[in-house]
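J.: Sequence:
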Amino acid sequence: MELRHNGMDMLHGPLWNKILAFTIPLAITSMLQQLYNTTDIMVLGYYEGETAMAALGSNIPVIGLIVNLFVGVSLGANVVAARYIGKRDLKNANLTVYTSLNFALVCGIAIALPGIAFSGDISDLLGCPPDVRPLSVSYLCWIMAGIPFLSLFNFESALMRSDGDTSTPLKALVIAGVFNLVLDLLCARWLGLGIAGVAASTSASNALASAYLFIKLIKNKGVLRFEPSKKGTFEWRKARAIVLIGLPAGIQGMVFSVSNLVIQSAINSLGEQTMAASAAAFTIEINVYSFVAGFGMAATTFVGQNFGAGNLERCRRIVRVCMGLDAVFTLVLSASVALCGVWLLGFFTSDQDVIRLGMQRLIWVQLFDIVCVPFEVLSGAMRGYGWSLPPALATLLCIVGERLIWIFTVFRAYPSFRNLLITYPVSWAVTLPPIIALYCILMRKLKRSSVG
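The numbering of the sequence shown is this note's numbering, which starts it at 1 and goes up by one.
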């Protein structure tokens, strides 16, 4: 069959409506991904008790590290495919699908096998109490068994985004989310399989989501079509480009998780009420941030295609439109959360002291999300140009460095929840000038090369 492009036309016409059509399903998909662990926690808490919840909670940092790695590296597949689509080099865009999926499967297996083999050592490293350890090991083993499917899902989603399709991954996640909830209840309530059954349900749901997208790629009539019978389609050159663009973003996300572990340790030192308030407020914040980050991913894909087409002026316009839309969404959502914060926190607790502390976090973190808008959009645009390492290094040095220094100096001298929360807006403000400077440097380089 002759290859043809039948996806979203990112190269012509108005931008704002296409960016919205791209970003909103993407943000909702990210929000639904947050519900996987929430569903597991709720089911285990209701039917299995606090020990099972603690076992799951102890594994969240490990799972977060792996998810951030896959999400970051899969951005490389998104950019490489988008660039070929922009060039209308449909043959190489199609070959990127095969390279990406093979690469995703190999990476998933390479992480899953050691994860299963060393699950006990990982639990020991995380300091699991003796009564929690057996359940923690069981949960981690079953989750690791599903890691190859999680890897495939992220790469499949990234490939679909490269052609403007963010609704199909959303449908896959909705189906898998309902499936996960039903299996969780079946395993925990009626089959008595406990935490192992709940973990196996999550892995099975990841398998269902990845299989749904895989079938869609096989049925695809355009450039993203996958033919299982096709041979000799893995190209090291494309795999190298995926790694060079995606790995810095993946490592950045992983290091973020490590710095957040240090912050969580500081929060834990302030007592149970502060821990509960922070967890509730974080659940609200992360859903709003799905939109902040979503426009950054839109910038990555739209810039990737238009840079491939050689249209630098449209690339600059994409950045401006993404920035404006992101700012509007962030301001509206942040203001809404601030106004309705007490009511939203009431879904998590009736303790007024916890709600008061939760509002403190929402004010210091949520209301400053606007600072992240240029940071996310400019970083996303630079990845779209294929310039991924410099913004990742700037982020690591500024955000992670500032937070670690703050915790071990200011917070240690004045240990209060407010003094800990201030590190979030301060770290974002410190990072913004280097990101802007890097973007300006890249623009000057691109302008000189286009003139030359």
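Don't read these hints as lab results, they were simulated from the structure. Misleading hints may appear alongside valid ones.
[Said to hold, decoys possible] DSS-like, lysine-lysine: derived pairs with alpha carbons at most 30 Å apart: (1) Lys219 to Lys230; (2) Lys171 to Lys230; (3) Lys171 to Lys87; (4) Lys91 to Lys18; (5) Lys219 to Lys91; (6) Lys171 to Lys445; (7) Lys219 to Lys18; (8) Lys221 to Lys171; (9) Lys445 to Lys87; (10) Lys221 to Lys87; (11) Lys171 to Lys18; (12) Lys221 to Lys18; (13) Lys216 to Lys171; (14) Lys91 to Lys216; (15) Lys18 to Lys87; (16) Lys230 to Lys216; (17) Lys91 to Lys447; (18) Lys18 to Lys216; (19) Lys91 to Lys230; (20) Lys87 to Lys216; (21) Lys91 to Lys171; (22) Lys221 to Lys445; (23) Lys219 to Lys171; (24) Lys91 to Lys221; (25) Lys87 to Lys447.
J.: A separate judgement is required for each hint: does it hold in the structure or not?
T.: Each hint, compared with the structure:
{"no.": "1", "hint": "Lys219 to Lys230", "result": "holds, 14 Å"}
{"no.": "2", "hint": "Lys171 to Lys230", "result": "holds, 27 Å"}
{"no.": "3", "hint": "Lys171 to Lys87", "result": "holds, 29 Å"}
{"no.": "4", "hint": "Lys91 to Lys18", "result": "holds, 25 Å"}
{"no.": "5", "hint": "Lys219 to Lys91", "result": "holds, 17 Å"}
{"no.": "6", "hint": "Lys171 to Lys445", "result": "violated, 40 Å"}
{"no.": "7", "hint": "Lys219 to Lys18", "result": "holds, 24 Å"}
{"no.": "8", "hint": "Lys221 to Lys171", "result": "holds, 19 Å"}
{"no.": "9", "hint": "Lys445 to Lys87", "result": "holds, 21 Å"}
{"no.": "10", "hint": "Lys221 to Lys87", "result": "holds, 19 Å"}
{"no.": "11", "hint": "Lys171 to Lys18", "result": "holds, 19 Å"}
{"no.": "12", "hint": "Lys221 to Lys18", "result": "holds, 21 Å"}
{"no.": "13", "hint": "Lys216 to Lys171", "result": "holds, 11 Å"}
{"no.": "14", "hint": "Lys91 to Lys216", "result": "holds, 19 Å"}
{"no.": "15", "hint": "Lys18 to Lys87", "result": "holds, 19 Å"}
{"no.": "16", "hint": "Lys230 to Lys216", "result": "holds, 17 Å"}
{"no.": "17", "hint": "Lys91 to Lys447", "result": "holds, 29 Å"}
{"no.": "18", "hint": "Lys18 to Lys216", "result": "holds, 22 Å"}
{"no.": "19", "hint": "Lys91 to Lys230", "result": "holds, 13 Å"}
{"no.": "20", "hint": "Lys87 to Lys216", "result": "holds, 24 Å"}
{"no.": "21", "hint": "Lys91 to Lys171", "result": "holds, 28 Å"}
{"no.": "22", "hint": "Lys221 to Lys445", "result": "violated, 38 Å"}
{"no.": "23", "hint": "Lys219 to Lys171", "result": "holds, 16 Å"}
{"no.": "24", "hint": "Lys91 to Lys221", "result": "holds, 14 Å"}
{"no.": "25", "hint": "Lys87 to Lys447", "result": "holds, 19 Å"}
Comparing the model with each numbered hint stated earlier shows that hints 6, 22 do not hold.
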